[in-house]
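Engineer: Each chain is listed here by its residues.
2 protein chains.
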Amino acid sequence: MSEKIILDYGSGGKASQRLIKNLFVKHFDNSILSKMDDAVLISDLQGPLSMSTDTFTVDPVFFPGGNIGSLSVHGTVNDVAMLGAIPKYISCAFILEEGLEMDDLDKIVRSMAIAAQEAGVLIVTGDTKVVPKGAVDKIFINTTGIGSVIADPSPSGSRACPGDAILVSGSIGDHGLAILSHRQGISFETDVLSDSQNLNHLILKLINELGDVHVLRDPTRGGLATTLNEIALQSDVEMLIEQDRIPIREEVEGGCSFLGLDPLFLANEGKFICILPQESAARALEIMHSDPAGQGAAIIGEVREERKGKVILRTGLGGHRLLDMLEGEQLPRIC
Amino acid sequence: MSEKIILDYGSGGKASQRLIKNLFVKHFDNSILSKMDDAVLISDLQGPLSMSTDTFTVDPVFFPGGNIGSLSVHGTVNDVAMLGAIPKYISCAFILEEGLEMDDLDKIVRSMAIAAQEAGVLIVTGDTKVVPKGAVDKIFINTTGIGSVIADPSPSGSRACPGDAILVSGSIGDHGLAILSHRQGISFETDVLSDSQNLNHLILKLINELGDVHVLRDPTRGGLATTLNEIALQSDVEMLIEQDRIPIREEVEGGCSFLGLDPLFLANEGKFICILPQESAARALEIMHSDPAGQGAAIIGEVREERKGKVILRTGLGGHRLLDMLEGEQLPRIC
Chain A
0 MSEKIILDYG SGGKASQRLI KNLFVKHFDN SILSKMDDAV LISDLQGPLS MSTDTFTVDP
60 VFFPGGNIGS LSVHGTVNDV AMLGAIPKYI SCAFILEEGL EMDDLDKIVR SMAIAAQEAG
120 VLIVTGDTKV VPKGAVDKIF INTTGIGSVI ADPSPSGSRA CPGDAILVSG SIGDHGLAIL
180 SHRQGISFET DVLSDSQNLN HLILKLINEL GDVHVLRDPT RGGLATTLNE IALQSDVEML
240 IEQDRIPIRE EVEGGCSFLG LDPLFLANEG KFICILPQES AARALEIMHS DPAGQGAAII
300 GEVREERKGK VILRTGLGGH RLLDMLEGEQ LPRIC
Chain B
0 MSEKIILDYG SGGKASQRLI KNLFVKHFDN SILSKMDDAV LISDLQGPLS MSTDTFTVDP
60 VFFPGGNIGS LSVHGTVNDV AMLGAIPKYI SCAFILEEGL EMDDLDKIVR SMAIAAQEAG
120 VLIVTGDTKV VPKGAVDKIF INTTGIGSVI ADPSPSGSRA CPGDAILVSG SIGDHGLAIL
180 SHRQGISFET DVLSDSQNLN HLILKLINEL GDVHVLRDPT RGGLATTLNE IALQSDVEML
240 IEQDRIPIRE EVEGGCSFLG LDPLFLANEG KFICILPQES AARALEIMHS DPAGQGAAII
300 GEVREERKGK VILRTGLGGH RLLDMLEGEQ LPRIC
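Quick note, the sequences are listed as chains A and B, same order. Heads up: the first sequence is residues 0 to 334, going by numbering that gives the first Met the number 0. Heads up: the second sequence is residues 0 to 334, going by numbering that gives the first Met the number 0.
Simulated from the structure, these hints should not be mistaken for laboratory data. Accuracy of the hints is not assured; some may be wrong.
Which residues of chain B face chain A? A few of them, derived with a C-beta cut under 7 angstroms, are [unchecked claim]: (1) S30; (2) L32; (3) I41; (4) Q45; (5) G98; (6) V135; (7) M324.
No farther apart than 35 angstroms at their CA atoms in a straight line, the calculated lysine-lysine pairs in the DSBU-like style are these [unchecked claim]: (8) A:K13 <-> B:K309; (9) A:K309 <-> B:K204; (10) B:K34 <-> A:K13; (11) B:K34 <-> A:K309; (12) B:K25 <-> B:K204; (13) B:K3 <-> A:K137; (14) B:K34 <-> A:K25; (15) A:K34 <-> A:K137.
No residue lacks a Cβ here, since even glycine has one placed at the ideal position from N, Cα and C.
Throw the hints in and build the complete structure from the sequences for me.
Structural biologist: In structure tokens form, the structure reads like this:
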């Protein structure tokens, strides 16, 4: 019979220690984590820091293109990087439901280890809570990351300037559609994989080669439309987007029209918006296209000053429509 | 009718933005958080850092002496401080169950703000997920903290030396018993309050006045007995503890014998173990007694080299017994 997670694994006693040693310390293998104190000493971070936190509650836990473990590393690595920073250290905190299959936890932890290795970050400290059956749905993971900011000034949602070019690093809506297609109760088939991936290496190239990048942000929950709206509000500018230039896979377009969803509001977990001076835009696009994480990159619009705080979509026929932020979410537990 | 948390609050859309602005940014009020980027820029942390993470799943959410909000700040502030560090910045990530009362969330957030202010830390970044009813039990909170390490060398569970004195900063088992007395299904009355409190100011005094402190650790899950066992293993030494010197409230002794529990294994959330050279012990005790957080402090034993990795309890009658780590937990969801 397969082993299941029991309450004792979250007790702080012998069973906890075994789980930590045989699973977490084993896979996340590094000398800082293995010291086993309640806090960790980090000696080599210089200058200003970037810090970000995210809790992952995605349903289903395993989805086409990833699982909650890889996603929990990618998500925080990317958020830390968006300040023009090199992510270095990550904490991870698990909430496990009593009865979770140990094999599933093992797969998730292995995926986290691989994602961390690919990003060049160390998972240095953690926490494990096991709650009685029914108190949480299978597994939720929090990751919090810190890194060294190398951009000066640092990109921020408040730095978009009229005249700037707006780029997106690749196709939109893949993660949202991939999750949806495997959501219980939805019968729908697609070959679309989640785009969940680390973006930090590409971000580093952009910062190193271009110097000043005004805005970097990954359009996760709420999708491209919501994130552009946030930036328009933070910077008090208009975002004019050319609808035809937004990269969207045919399968995503198809799936969305089948389900009655708008891909512009679907979550992405491996894409970012980049806003920078017009004169750097062509070079930025080249850099993105030369990296596996930026293959589908495109210039999708420009920052203007007319309708401050608004995102305007220019359609193929030359019409304009307001692309507003949604009140709520098209679907919960997408990340 | 009272307002309840709905899924839209976790969407990343307009409802999310309102919750963040009207609740989190309002109460946690600081210029770093209010920038509203996905990661925050921290410019003023010098030298080595201490980092720690913890997820709080305590049941009940409100308990005598605190609630999940204050606890989530105290717990992480204390873990960061135990490396001989000044905690500075905290992230907080909420998982909210659809249908949670907004009034309850408001109370919890206010308690976090007060606890952070008392500790002198800023809550600078966060995340809010709302999951459908039944996918989590009411509210879980992750906090991750960073701070500047001022002790050099830094205290660690691996630095206990034969001859060192073992102190504890106050009465043992209060948190565990307070939670238990309010756990559903347990009918039991007591006046005991949780000891949940910030320990960072007292820790700072000890480090500043004494210089080298070998070990600092707060005996949370698993209690004093488990934590002493961890240290004995990490340092490969014996811990000899005088049973009569362990400070335990009469009400806790009484409650424990009624419930068939051992107070040495009950969680504490406002106490710490301090291990340091014998010649500093009297002064350490004075410093503790002069601080509100160390009123009940006592010297409870000494580090020896005989039975490496073991904790030995010397009873009032002069007998000795092995104080082993439990396999599991006396009760889940204590923190």
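Engineer: So which of the earlier hints does this model not fit?
Structural biologist: 1, 2, 4, 5, 9, 10 and 14
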